[in-house]
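**Student:** Construct the complete structure from the given sequences, taking the supplied hints into account.
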Amino acid sequence: MLLVRAKPGNQSKGFLQAGNLVFPCALGKGGISANKREGDGATPLASMRLLGGYFRNDHFAKGRKTRLPMAPIGPDLGWCEVPEDRNYNRPVRIPYGASHERMRRDDRLYDACLVLDWNIAPRRRGRGSAIFFHLARPGFTPTLGCVAVTARTMARLLPLLSGRTVLKVVR
Numbered sequence: 030m031l032l033v034r035a036k037p038g039n040q041s042k043g044f045l046q047a048g049n050l051v052f053p054c055a056l057g058k059g060g061i062s063a064n065k066r067e068g069d070g071a072t073p074l075a076s077m078r079l080l081g082g083y084f085r086n087d088h089f090a091k092g093r094k095t096r097l098p099m100a101p102i103g104p105d106l107g108w109c110e111v112p113e114d115r116n117y118n119r120p121v122r123i124p125y126g127a128s129h130e131r132m133r134r135d136d137r138l139y140d141a142c143l144v145l146d147w148n149i150a151p152r153r154r155g156r157g158s159a160i161f162f163h164l165a166r167p168g169f170t171p172t173l174g175c176v177a178v179t180a181r182t183m184a185r186l187l188p189l190l191s192g193r194t195v196l197k198v199v200r
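Residue 30 is where the sequence shown starts when you use our numbering, and the numbers rise one by one after that.
If you are wondering where the hints come from, they were derived from the structure by calculation, not from laboratory data. Built from N, CA and C at the ideal position, the CB exists for glycine as well. Certain hints may be false.
[Stated by the list, open to error] Distance condition first, Cα-Cα at most 27 Å in a straight line; then the derived BS3-like pairs of lysine-lysine:
{"id": "1", "residue 1": "Lys-94", "residue 2": "Lys-197"}
{"id": "2", "residue 1": "Lys-58", "residue 2": "Lys-42"}
{"id": "3", "residue 1": "Lys-36", "residue 2": "Lys-58"}
[What the hints assert, rightly or not] Derived CB-CB ranges, DEER-like:
{"id": "4", "residue 1": "Arg-34", "residue 2": "Arg-185", "range": "18 to 28 Å"}
{"id": "5", "residue 1": "Leu-50", "residue 2": "Arg-153", "range": "26 to 36 Å"}
{"id": "6", "residue 1": "Gly-38", "residue 2": "Tyr-125", "range": "34 to 44 Å"}
{"id": "7", "residue 1": "Gly-68", "residue 2": "Ile-149", "range": "12 to 22 Å"}
{"id": "8", "residue 1": "Ala-180", "residue 2": "Gln-46", "range": "12 to 22 Å"}
{"id": "9", "residue 1": "Pro-124", "residue 2": "Val-199", "range": "38 to 48 Å"}
{"id": "10", "residue 1": "Gly-48", "residue 2": "Leu-80", "range": "17 to 27 Å"}
{"id": "11", "residue 1": "Leu-97", "residue 2": "Arg-34", "range": "15 to 25 Å"}
{"id": "12", "residue 1": "Gln-46", "residue 2": "Ala-127", "range": "29 to 39 Å"}
{"id": "13", "residue 1": "Pro-53", "residue 2": "His-88", "range": "17 to 27 Å"}
{"id": "14", "residue 1": "Asp-136", "residue 2": "Asp-105", "range": "16 to 26 Å"}
{"id": "15", "residue 1": "Arg-122", "residue 2": "Ile-149", "range": "12 to 22 Å"}
{"id": "16", "residue 1": "Pro-124", "residue 2": "Gln-46", "range": "39 to 49 Å"}
**Tutor:** Here you go:
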């Protein structure tokens, strides 16, 4: 289990605990919320399984060193974020008609990006999309609702993770 909690006095920074290892992490700009909604910038207060993920072959080859199903991020991979779209909170091939997030990012946040089972099955319109465990910006600036760690931390954790791993966000 990966346990995530906010840093006292700072709702958008936190700590991720894996066994007796503790790492700093970034959280959503809206803090932790038990009532996650699309666009609120909050990290869901929830227990979420790691479903698998994506990695950049050209930047983060360590993405292969895990028991999770991982796929390379191609230039045409996106993630739909429009609640009314039939592919809401699903990967899509871009260009795509509805608003989507590009997975191959210039800022390299998704060089290693794990999909959490938030609002996947069942999928509820407007309950939040693209809730990932990915790489953090310098200084652990806030995410839009994801949990983010350094590339070094991600590389250290990946070999320990499997489809049975749960990321639990608590207050």
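**Student:** Against each hint, give a clear statement of whether it holds in the structure.
**Tutor:** We went through each hint and held it up to the structure:
no. : hint                            : verdict
1   : Lys-94 <-> Lys-197              : holds, 22 Å
2   : Lys-58 <-> Lys-42               : holds, 9 Å
3   : Lys-36 <-> Lys-58               : holds, 13 Å
4   : Arg-34 <-> Arg-185: 18 to 28 Å  : holds, 19 Å
5   : Leu-50 <-> Arg-153: 26 to 36 Å  : holds, 34 Å
6   : Gly-38 <-> Tyr-125: 34 to 44 Å  : holds, 40 Å
7   : Gly-68 <-> Ile-149: 12 to 22 Å  : holds, 18 Å
8   : Ala-180 <-> Gln-46: 12 to 22 Å  : holds, 19 Å
9   : Pro-124 <-> Val-199: 38 to 48 Å : holds, 39 Å
10  : Gly-48 <-> Leu-80: 17 to 27 Å   : holds, 21 Å
11  : Leu-97 <-> Arg-34: 15 to 25 Å   : holds, 23 Å
12  : Gln-46 <-> Ala-127: 29 to 39 Å  : holds, 37 Å
13  : Pro-53 <-> His-88: 17 to 27 Å   : holds, 21 Å
14  : Asp-136 <-> Asp-105: 16 to 26 Å : holds, 19 Å
15  : Arg-122 <-> Ile-149: 12 to 22 Å : holds, 19 Å
16  : Pro-124 <-> Gln-46: 39 to 49 Å  : holds, 40 Å
When held up to the earlier numbered hints, the structure conflicts with none and fits them all.
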